[in-house]
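S.K.: Chain residues, written in single-letter form:
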Amino acid sequence: MSATEISLTQALNPQRGRTPITKPRSNSIWLGILLPLFAALLWEASVQTGFMVGRLMPPPSHIIKTLWNLWQSGELTTHVIATTLRVFAGFALGAVIGTLFGALTGYSMLMRRLLDPALQALRAIPSIAWVPLFILWLGIFEASKIALIAVGVFFPVYLGVSGAVQSVDRKIVEVGRIFRLSGFELIRRILLPAVLPSYVIALRSGLGLGWMFVVAAEFMGASEGLGYLLVDGQQLGKPDQILAAIITFAVIGKLSDSLLAAITAPYLHWEDRFGRDT
Amino acid sequence: MLQVSAIGKVYQNGTQALEDVTLTIDDGEILGIVGGSGCGKSTLLRLLSGLDHATTGAVSVDGVTITEPHPYIGLVFQEPRLLPWLSISDNVGFGLIEPDTVLKKRRIGEALEKVGLSRYGTSSPKELSGGQTQRVALARALITRPRVLLLDEPFSALDAFTRVELQDHLLDLWNETRPTLVLVTHDIEEALFLADRVVVMRQHPGRIAETFEINLPRRRDRTSPEFETMKREILRSLNTTLTLHKIA
Chain A
1 MSATEISLTQ
11 ALNPQRGRTP
21 ITKPRSNSIW
31 LGILLPLFAA
41 LLWEASVQTG
51 FMVGRLMPPP
61 SHIIKTLWNL
71 WQSGELTTHV
81 IATTLRVFAG
91 FALGAVIGTL
101 FGALTGYSML
111 MRRLLDPALQ
121 ALRAIPSIAW
131 VPLFILWLGI
141 FEASKIALIA
151 VGVFFPVYLG
161 VSGAVQSVDR
171 KIVEVGRIFR
181 LSGFELIRRI
191 LLPAVLPSYV
201 IALRSGLGLG
211 WMFVVAAEFM
221 GASEGLGYLL
231 VDGQQLGKPD
241 QILAAIITFA
251 VIGKLSDSLL
261 AAITAPYLHW
271 EDRFGRDT
Chain B
1 MLQVSAIGKV
11 YQNGTQALED
21 VTLTIDDGEI
31 LGIVGGSGCG
41 KSTLLRLLSG
51 LDHATTGAVS
61 VDGVTITEPH
71 PYIGLVFQEP
81 RLLPWLSISD
91 NVGFGLIEPD
101 TVLKKRRIGE
111 ALEKVGLSRY
121 GTSSPKELSG
131 GQTQRVALAR
141 ALITRPRVLL
151 LDEPFSALDA
161 FTRVELQDHL
171 LDLWNETRPT
181 LVLVTHDIEE
191 ALFLADRVVV
201 MRQHPGRIAE
211 TFEINLPRRR
221 DRTSPEFETM
231 KREILRSLNT
241 TLTLHKIA
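The listed protein sequences correspond, in order, to chains A and B.
Each residue of the first sequence is one higher than the one before, starting from 1 at the first, in this note's numbering.
Each residue of the second sequence is one higher than the one before, starting from 1 at the first, in this note's numbering.
Note that these hints are calculated values from the structure, not bench results.
For glycine and all other residues, C-beta sits at the position ideal for the given N, C-alpha and C.
Wrong hints could be hidden among the right ones.
Claimed, not checked - If you want a taste of the chain A side facing chain B, the calculated C-beta under 8 Å gives, among others: (1) V175; (2) R177; (3) P193.
What the hints assert, rightly or not - In silico negatives: residues of chain B with every beta carbon more than 12 Å from chain A: (4) D100; (5) L150; (6) E189; (7) E213.
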């Protein structure tokens, strides 16, 4: 179809002009799968033909079988639930505190000068360095794990919210002022909606770090969870189990991120910016 | 009556933006303020709106001193400044305090009709053109029925055709309730077309250089010889302020 034909069909039927926006998206999913699929097939073929030894790097069929067995025995479900609950609890805690401090320091210059230097100093500490202390304080069970995840989630959320509140356009804040909105109304009707897009990004990076820190937390010693599967796989020399856990991480990490993005998408439909399709 | 008594404004960095500006603006009067860039005309408007505070002197409306934004006073900015997450209707009704939702809806409908955008109530700001969004901004400022409407170069970002159209439109809106209008502009023709009185400001520091009474009957013909004569006079005055500045 030539360019004039396209513009003609669009002119005759304006709805038609919209369909190409969704079409490339469904195509792009398959395009994204192409490379990993090709790599997996190549590896599978290399091992099957005896060209490579798959002992330390088991072929896909082997990993799938392990995953299936774990699923069949109900172990996978137990581990996934344990890990997800930890991430969820840590994320909720870290996100709430991060939002609170971020809003406070973003809104008030005094609070920023009071709190931000200390928080930035804490941020400079590698979060894993807290592990021994958390274990001493909170024991080796859930509390210390959730605390570590919460610390990981806290900083990206705090930074994101604080920065977003500070960078709200003075011009639209003045619109609120000219209509004499009180402090609370100004926050509810102007600041909150204005920071929402950056807030969602902050939450998503927080959640990503939550998944990262849960592994560290479960390395601290856990009897269940995907992190436990990893450690167990290393100690017993089961690379297929390690890879199965890694793949599960990838899947549920991506799922939780997509879920968060999907939940918040309806509130962001107004955005008018370059490259909105995530 | 809007009373501006000897106001001055010094910014924190020491810049004297305004010095000893005194103005009395009658109810229902349209005052045009023109001047080169940096003459403090926008600063003056911000002081009138209560968004900024004067360093010296005071602004009052009907004897009430203005220290913060006041319900009597509306402001239309240079840019529409619509809230992108609200529909056009919600933008128009943003500053309207009306607990009765039915009544609120009706007033928003009326306001939209007045600016000729009834069809766009459910649209979002990004779907409208520059001229249309500025109309929404006008409707948003007028819906609260302010006694004084301040306009800060409201049409400067629009093309010449839309600008002329909106100037006519503004005059129609003004005719309905006759609020006091204070219009800051760098477009002499715009000031001359709309205003009863045109104040020419000079810079460093900003102050009033000259005031012109415009006694031409309304809907002014932009091509009439009288209009042209006034325009030349104001232009001459404006040029003097600019050359004075260069010599100084």
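S.K.: Does each hint fit the structure? Answer for all of them.
M.R.: Now for the hints, and whether the structure bears them out:
1. V175: 5 Å, holds
2. R177: 6 Å, holds
3. P193: With a minimum Cβ separation of about 5 Å from chain B (threshold 8 Å), the hint on A:P193 holds.
4. D100: 18 Å, holds
5. L150: Its Cβ does come within 12 Å of chain A, the nearest being 9 Å, so this is violated.
6. E189: 27 Å, holds
7. E213: Holds, since 30 Å exceeds 12 Å.
Taken one by one, the earlier hints fail for this structure only at number 5.
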